[in-house]
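**Q** Sequence:
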Amino acid sequence: MTHLQDTVTLNNGVKMPQLGLGVWKAKDGEETYAAVKHAIQHGYRAIDTAAAYKNEESVGKAIKDSGVPREELFITTKVWNADHGYDATIRAFETSLEKLGLEYLDLYLIHWPVKDKYKDTWKALERLYSDGKVRAIGVCNFNIHHLEDLLSEAKTVPAVNQSEFHPYLTQEPLREFCKSKGIHFEGWSPLGNGKLLDNTLIQEIAKKYNKTAAQVILRWHLQNDAITIPKSVTPSRIEENAAIFDFELTAEDMNTINSLNKDERTGPDPDNFNF
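Mapped onto the working numbering, the consecutive letters of the sequence shown carry residue numbers 9 to 283.
None of these hints come from the bench; they were simulated from the model. Even for Gly, the Cβ is constructed at its ideal location relative to N, Cα and C. You may find that some hints are simply not true.
[Stated by the list, open to error] Here are the computed distance ranges between Cβ atoms for each label pair:
1. P276 to G109: 39 to 47 Å
2. T242 to R78: 22 to 30 Å
3. E38 to D124: 34 to 42 Å
4. F253 to S138: 16 to 24 Å
5. T242 to N263: 30 to 38 Å
6. D157 to R273: 33 to 41 Å
7. N269 to E161: 26 to 34 Å
8. E134 to N282: 24 to 32 Å
9. S267 to K23: 13 to 21 Å
10. D157 to E111: 42 to 50 Å
11. D254 to P77: 22 to 30 Å
12. D277 to D124: 14 to 22 Å
13. D277 to E79: 34 to 42 Å
14. S138 to N269: 36 to 44 Å
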């Protein structure tokens with residue numbers, strides 16, 4: 009990866025930028041609008057939101073005002089737990105599309121694997137995909153057993169599984185499983201909710217490359233073939249997070265960062281989540 013707009017190719021041939029902007033916890037209104045608009049004008053082409061973030065309208069307004077043609081952008085949103093089920097998911101999709109002010113989505117994801125419901129929800133996503141309303145469909149926070157269960161009936165293999173991923177939670181078995189099924193892995197909370205920025209080993213590696221700890225961690229994501237969506241509403245941070253295409257971590261440094269894994273989550277465990 010040598011450029012902010014470099015892409016990975018999903019299992020249906022659709023190209024998705026490997027680095028995007030996440031807007032989780034970004035406040036609806038000026039905060040989200042300004043962050044998304046700045047990111048797009050700075051060269052970002054992928055924006056990741058969700059119905060549960062309650063900022064889709066601000067994302068949509070920024071997209072409209074960015075001046076960048078719609079077809080050059082890659083927009084993701086997600087169906088929330090309360091909207092699982094076939095009919096409810098179709099309605100939730102239309103609501104998100106209306107809030108975003110878009111005619112189609114690039115990627116629509118199931119936000120969490122709500123027990124006994126996500127298969128019907130997936131059928132709705134398959135319908136939206138076959139109708140051409142979304143270019144790719146996928147899931148979030150699905151562990152291996154969730155994916156196995158879904159794949160036992162799915163007509164369409166998810167293009168993406170978005171899960172928590174950072175050097176304290178390297179998710180190797182899950183990533184290997186996804187790879188074996190042609191599902192591209194996407195990481196959320198790439199900086200471990202900020203906890204990793206103070207890690208001494210990462211700071212030492214960052215000095216060697218004259219980069220920040222955040223830049224080293226995000227580069228580690230790219231070199232692990234993961235799509236990554238760091239969240240920031242600060243213009244300088246948005247720019248800093250994108251300045252990771254002019255260096256490459258050595259195999260030794262990659263292994264050092266990999267060794268930091270302790271299976272430590274900063275967010276909910278999909279197997280122990282109050283849906």
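**Q** Of the hints given before, which are not true for this structure?
**A** Per hint list: 1, 4, 6, 9 and 10 violated.
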